[in-house]
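These protein sequence lines are chains A and B, in that order. Take 1 as the starting number for the first sequence in my numbering and just add one per residue. Take 1001 as the starting number for the second sequence in my numbering and just add one per residue.
To be clear, the hints were calculated from the coordinates, so they are not data collected in a lab.
To be clear about the criterion: a stretch of chain A counts as covered by chain B if any three or more of its residues have a C-beta under 8 Å from a C-beta of chain B, and this derived list gives those stretches:
1) 263-273
2) 325-337
DEER-style ranges, computed between Cβ atoms:
3) A1238(B) - H254(A): 36 to 42 Å
4) S1130(B) - E116(A): 28 to 34 Å
5) E1261(B) - L270(A): 23 to 29 Å
6) T1025(B) - A317(A): 36 to 42 Å
7) N42(A) - A1146(B): 52 to 58 Å
8) L270(A) - L1338(B): 22 to 28 Å
9) G330(A) - L1312(B): 32 to 38 Å
10) S1130(B) - Q51(A): 45 to 51 Å
11) G330(A) - N1184(B): 30 to 36 Å
12) F1103(B) - T194(A): 20 to 26 Å
13) F54(A) - L1312(B): 56 to 62 Å
14) D304(A) - N1184(B): 57 to 63 Å
The C-beta atom is built at its ideal place from N, Cα and C for all residues, glycine as well.
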Amino acid sequence: MSIAPACPLPIQQHETVQMAHGAGGRLSQALMQRIFMPHLSNAFLDQLDDQAKFDIPAGRAAFTTDTYVVSPVFFPGGNIGELAVNGTVNDLAVGGARPLYLSAGFVLEEGLPLQELEIIVRSMAEAARKAGVLIVTGDTKVVGRGQCDKLFINTSGIGIVRKDVSVSCRNLRHGDSIILSGSVGDHGMAIMTTREGLSFQSGITSDSAPLNAMIEAVLEAVPTVHAMRDPTRGGVAATLNELAVSSYAGIEIHEGTVPVRDDVRGACELLGIDPFHVANEGKLVLSVAAADAPKVLEVMRAFDCGREAAVIGSVVADHPGMVVMRTAFGSRRVIDLPLGEQLPRIC
Amino acid sequence: MKYIDEFRDPQLARQLLQEISRKTTRHWTIMEICGGQTHSIMRNGIDQLLPEGIELVHGPGCPVCVTPLESIERALAIASQENVIFSSFGDMLRVPGSSKDLFMVRSEGGDVRIVYSPLDALQIARENPSKEVVFFAVGFETTAPANAMAVYQAAREGMANFSVLVSQVLVPPAMRAILSAPGNRVQGFLAAGHVCAVMGYSEYEPIAAEFGVPIVPTGFEPLDLLAGILKTVEMLEAGTPGVANRYGRVVQREGNPAAQEVIRKVFEVVDRQWRGIGMIPMSGLGLSREYDRFNAEKKFGVSHIVASESPLCMSGSVLQGKLKPDECPAFGRECTPLHPLGATMVSSEGACAAYYNYHRNVSFP
Chain A
1 MSIAPACPLP IQQHETVQMA HGAGGRLSQA LMQRIFMPHL SNAFLDQLDD QAKFDIPAGR
61 AAFTTDTYVV SPVFFPGGNI GELAVNGTVN DLAVGGARPL YLSAGFVLEE GLPLQELEII
121 VRSMAEAARK AGVLIVTGDT KVVGRGQCDK LFINTSGIGI VRKDVSVSCR NLRHGDSIIL
181 SGSVGDHGMA IMTTREGLSF QSGITSDSAP LNAMIEAVLE AVPTVHAMRD PTRGGVAATL
241 NELAVSSYAG IEIHEGTVPV RDDVRGACEL LGIDPFHVAN EGKLVLSVAA ADAPKVLEVM
301 RAFDCGREAA VIGSVVADHP GMVVMRTAFG SRRVIDLPLG EQLPRIC
Chain B
1001 MKYIDEFRDP QLARQLLQEI SRKTTRHWTI MEICGGQTHS IMRNGIDQLL PEGIELVHGP
1061 GCPVCVTPLE SIERALAIAS QENVIFSSFG DMLRVPGSSK DLFMVRSEGG DVRIVYSPLD
1121 ALQIARENPS KEVVFFAVGF ETTAPANAMA VYQAAREGMA NFSVLVSQVL VPPAMRAILS
1181 APGNRVQGFL AAGHVCAVMG YSEYEPIAAE FGVPIVPTGF EPLDLLAGIL KTVEMLEAGT
1241 PGVANRYGRV VQREGNPAAQ EVIRKVFEVV DRQWRGIGMI PMSGLGLSRE YDRFNAEKKF
1301 GVSHIVASES PLCMSGSVLQ GKLKPDECPA FGRECTPLHP LGATMVSSEG ACAAYYNYHR
1361 NVSFP
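Make a model of the complete structure from these sequences and hints.
Structure representation (structure tokens):
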């Protein structure tokens, strides 16, 4: 006969997220010490204050925020963690800002394996290191099982805008070249291949990447770039339409100049999706005076994320506010905004 | 990309276009049956490249477009019920009923899921034995085999929690209706390649003979379409009606016998209401007596639901080739893809949506 101990010790080492991890008590501290600090530690975060205090270099600051709810949280070529860092870094960079500091807010679902959380936090740290930014403040909340899907991450970021640049989606000028940094649709189709009911074998991986180093080099060489955007949700089609509408300018794109990976094209053909409408997470669209385009291309192509950079079209006097594709057959068609939900929770 | 780029070759397209121009001596009105063909014509701007004498009008072959409003209402009623997982091809979710669409049902708490195949819906039913899983079985002869197969499998597995809301339609009765309609302008058809892949084209031979029209089974890539148009023009110019296959890599005269067999097993030919067109006798498929226990209309008691169309929507005339989408007064004004009055503005295969998406407000030379 065995006798159970009358007063069992509480479990100290959990393998999954518990409600108490978000309650501000001992388990919250344990989560910080075990998962977050070992990877994200820096002089600002280590203060463990409710806020980070830092000096901002003189100039205009850029400030942005984005929330990441991608499903699944692990996908071919990445996970929600690096997406959350790269996305906010890129949102700052395309405004001509040098990203400096990020915040990270986590909503964790009760039951999330801590091992998965650690992998995600580790890739956030790696992404921040690659992009040269610091995660200086953060927050963690836990919600009951079923009240979120594994985890959601919000990141906000602060950067300093270069003095000599003025990029804006309202700046398109007649005669500009439209440049795209590489193949379209990789991220969206990588997510698509993992979805329930759609799963098919492919080598498609997400293009999630920080663009700030490439953008900085481009602006160093050609500070007069008129507009930059990273074509995420809604794909290149949505980005081009935003630029055309904001500047009340016409954009003409030449079919065949837009790089699309063969496997992405194949998957799109199969599913009846236009690669122009599919999300990217490491691509850049920019508009620059045609005379400066060769220089911009040369700079971009020196970077991994810009190796396939190409001029895909130009800003024209016709059809202001609209994007038109010149087809390989010589006919033309409108490139419209994608309508409704193509694939939910892609980033 | 292999097997795609070959059929999009600009050089070969130019040669076919020159040949069409050379052969055309007068005005001809040709209808492409399938919405997929309409989509490809608009997307590639083929209508802009054809000689002036060739007019393409767009046919009724968009399953989402011709699914009657009352089927949509019945779908909404079923999807709103507790304990139901309602599954459908994505396009159907945005088709408006009289007060809402399936997306709105989902936002109100209904479990509405997009699937790419009815067999995926069947899998959902296997994984959720305590739920009623309903699949919205719409489409032409193209979707009929897979939809029939899902029902056939469900029967074999003795599944009691799976059913289908059927709104299947057939091409040949619609072609007869178009050709018989007063004021018909259609002189030749590009038959829908994928429908022919299933059914073959022998059933078009009596239609071609009776109405004296050329019918040419045609594919969906630019070169497929141009080859189909060229053949139709040649037959029109020569005055030799009949059926000539221009989608040989996919279509055989007798079609796909295995697919036809499963359709025959599970479905029977019934009268069917077409959205915008009305009742066409013996123009659709319904579950046969043997498989009627999978009939969602009966299972959920929604057969009594009827509905009527917006009087502004002229999609019936568009679907019969009597009106071009941009000739409709509501086009791009009261009726846009975000606020569609009719299904032709909703589906990616709908003629109105194809015009809106690819040609809107731009006068192409």
